[in-house]
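Colleague: Residues per chain, in single letters:
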Amino acid sequence: MNTFDAIVIGSGISGGWAAKELCERGLKTLVLERGRDVKHIQDYPTANKHTWELPHRGKMTKAFVDVNPVVSSAWHFSEDTAHFFVKDGEHPYVQQKPFSWIRGYQVGGKSLTWGRACQRWSDHEFKAPSKYGYGIEWPIEYDDIAPWYSHVEKFVGICGNKDGINAMPDGEFLKPFDLNVVELHMQDVLKKHYPERHLVQGRWAHLSEPEDIHLQQGRGKCQCRNLCTRGCPFGGYFSTNASTLPWAEKTGNLTLRPFSVVHSIIYDESSGKATGVKVIDSNTKEQMIFNARIIFVNASTLNTNLILLNSTSNRFPNGLGNDNGLLGKYICFHNYRTLTAGRMEGFENKYVTGRNPTGPIIPNFRNLNERDADFVGGYTTFAGAYRRQVKTVPENEPHLGVDFKHKLSEAGDWVVYMYMQGETIPKKSNHVFLSPDKKDQWGIPQLVTDISYDDNDEKMVLDFFEQSKAMLQKIGCKDIIAKDNKQPPGLDIHEMGGVRMGKDPGESLLNDMNQLHGCKNVFVTDGACMTSTGNQSPSILYMALTARAAAYAADLFRKGIH
Amino acid sequence: MKRRKALQLTATYFGGAILGSEIFLSRCKQPEKNARLFSEKDILLMDEIGETILPDSERSPGAKAAGIGMFMQTIVTDCYDEKDTAIFITGLREVEAVAQKKYGAGFTKLSSQQRFDLLSEYDKAARQEEGNATQHFFTMLKQLTIWGYFTSEVGQTKALRYNPVPGSFNGNTDYKPGDRAWVGPLCSID
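Residue numbers (our numbering), protein chains in the order written: chain A, 1 to 562; chain B, 563 to 752.
A portion of the hints provided could be inaccurate.
[Stated by the list, open to error] Straight line, CA to CA, 25 Å or less: simulated DSS-like cross-link-like pairs of lysine-lysine:
(1) 407/A - 720/B
(2) 49/A - 738/B
(3) 39/A - 350/A
(4) 391/A - 671/B
(5) 567/B - 478/A
(6) 686/B - 350/A
Simulated from the structure, these hints should not be mistaken for laboratory data.
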């Protein structure tokens with residue numbers, strides 16, 4: 001009963017893809033999820049609530065925030081989404097340096113609440129770290145992953161334009177949502193002043209116009225409610241729950257086991273392979289073992305590191321596959337500290353209808369063909385405009401009374417915003433490890449995070465402020481502000497690395513097919529596998545890497561190699 | 563993507579904090595509070611103060627119709643820290659005392675012009691103190707009224723235009739002065 005062809009640890013955005021691909025290829029697959037089940041639609045309790053139906057209109061109470069400072073600081077954590085996040089006390093960890101670890105322990109993981117940006121990496125991003133000497137060489141290049149991008153994009157449903165920009169390759173896209181009139185103005189101005197900078201629609205996991213493959217999943221058109229992080233009753237955006245997991249289930253090959261906390265992966269000295277997974281049932285506290293010939297680790301970046309570090313044996317006393325001592329090291333993330341914005345005059349006679357769940361992007365223009373900055377790496381700029389719901393009432397008028405109410409009820413100023421998603425350098429000193437003494441409630445060592453920004457990040461922030469302020473000025477913005485929120489790493493929720501891919505087993509943990517160099521029937525395809533961070537949003541790359549590795553694993557399984 | 567956060571923040575910098583809900587909700591720790599900070603009379607008083615800030619008009623109902631007194635009770639009790647709670651309650655008592663002193667009657671017994679005049683004085687004082695470390699109680703009352711009203715059913719469906727399921731997005735529509743705003747991109751006040 002406890003033996004399967006494959007085990008997938010974790011049911012988030014990459015685990016869902018591993019399950020789908022393995023099940024479709026005929027492997028009896030067990031998906032282990034440490035949290036509760038979340039069924040599409042029926043377990044989205046706030047999806048159709050009006051703001052006035054939320055007891056505190058979306059705000060968390062003081063009593064809650066006081067004891068949950070970490071999760072309360074996440075960008076999308078509020079009264080309507082709180083049930084999709086781990087509360088601080090539920091799974092403690094040790095912050096050697098401030099690191100806000102945002103987690104979603106439920107079936108679907110953080111795929112329910114993700115940001116949904118799906119730009120492809122360019123070949124430049126794969127090659128820049130070794131070319132400019134701030135990282136090791138990736139074992140794959142763009143051409144290796146491009147067909148797998150296409151494979152996942154078609155199924156996920158990504159809307160966007162084909163823009164022909166080298167820094168942001170085109171893919172398989174549904175029609176994009178409109179840019180609004182101010183965004184079109186921004187696009188024109190930038191085109192005139194900066195030939196190398198392009199403001200274009202981003203690529204987003206939204207069904208602007210569902211195709212047959214999406215309707216087959218039971219998903220429908222995005223309704224432009226912009227309430228995505230509550231779970232979408234229309235299946236308008238992609239999540240594991242709406243898409244990959246139900247698809248895997250339809251094959252008859254899926255077994256989903258919620259409430260299953262993975263303790264470790266079991267390694268067999270005689271065969272030189274992993275044979276299974278040790279699990280603690282979080283309801284009964286019972287310990288049990290599940291066996292399989294293929295194991296996919298998709299527990300989310302830091303928990304994947306934790307599980308491998310905790311999987312010790314005579315052969316691997318420092319964690320599974322950790323011959324070189326680099327497991328848990330070279331953790332990196334995206335720099336999300338900045339915001340610049342300004343008021344846009346004019347366009348008072350223009351407005352929008354519907355709430356656009358997507359937005360434009362300025363693909364990276366830094367250090368592309370040559371180094372042109374005093375830092376390494378690049379940044380993507382999310383940039384757009386919106387018209388405020390509330391009109392600003394002049395200072396010399398009463399701020400109470402009938403006129404005041406009427407003015408507040410009219411549309412306000414247009415605001416233009418920009419913020420960066422900055423590449424960070426993978427460094428050995430940014431690492432996680434197991435606490436020697438502190439354990440969690442399952443008796444598993446707590447994770448210690450020792451992760452921080454560096455000088456390169458600070459220089460990039462300054463460059464972003466300089467460049468974005470200049471762009472806002474050219475666009476015609478007034479009252480320009482530039483804010484560095486200095487938020488701790490982690491709140492980007494783009495933590496990556498620790499089990500990085502590479503060509504050389506001496507300096508990496510995974511090979512070009514995401515197999516542990518030292519234990520080839522274990523595949524790591526979540527954010528932990530990342531060799532560098534690039535500057536584009538990573539989830540769609542995790543999905544592509546997962547689909548590619550799962551197809552390969554299924555092939556090996558059929559051939560009897562694993 | 564953290565666009566929602568960016569939108570919230572820009573709103574704060576461009577007047578949202580004066581009009582919205584952000585200011586009081588990032589303060590430090592709060593000891594146990596009594597469950598019952600407000601009497602029935604207090605709630606009626608807060609209803610009338612809210613109604614004076616955002617009154618009923620030919621275009622839309624006022625804050626009282628949005629149950630603003632009950633809303634204030636909920637937010638102050640659950641979301642304010644002890645210091646702001648004290649400022650808020652002291653302010654409520656002061657409004658009542660000044661009404662008695664100036665007009666010889668409680669605030670809820672005053673004419674709407676008297677209420678407007680009385681609160682206008684506080685509004686001027688409060689706006690002069692904007693940006694101070696300690697908030698003026700009237701800024702709190704005004705923020706709560708605006709936030710509570712424009713996230714209420716009457717506020718969103720009568721004062722504003724609300725479409726819970728738009729179905730599509732059009733980035734270029736016409737707008738005339740006086741047109742009601744759509745409930746914004748975040749579905750809450752921005």
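Colleague: Now look at each hint and say whether the structure bears it out.
Modeller: Here's how the hints hold up against the structure:
1. 407/A - 720/B: 14 Å, holds
2. 49/A - 738/B: 30 Å, violated
3. 39/A - 350/A: 41 Å, violated
4. 391/A - 671/B: Roughly 32 Å separates the two Cα atoms, so the pair is violated.
5. 567/B - 478/A: 21 Å, holds
6. 686/B - 350/A: 33 Å, violated
Hints 2, 3, 4, 6 from the earlier list are contradicted by this structure; the remaining hints agree with it.
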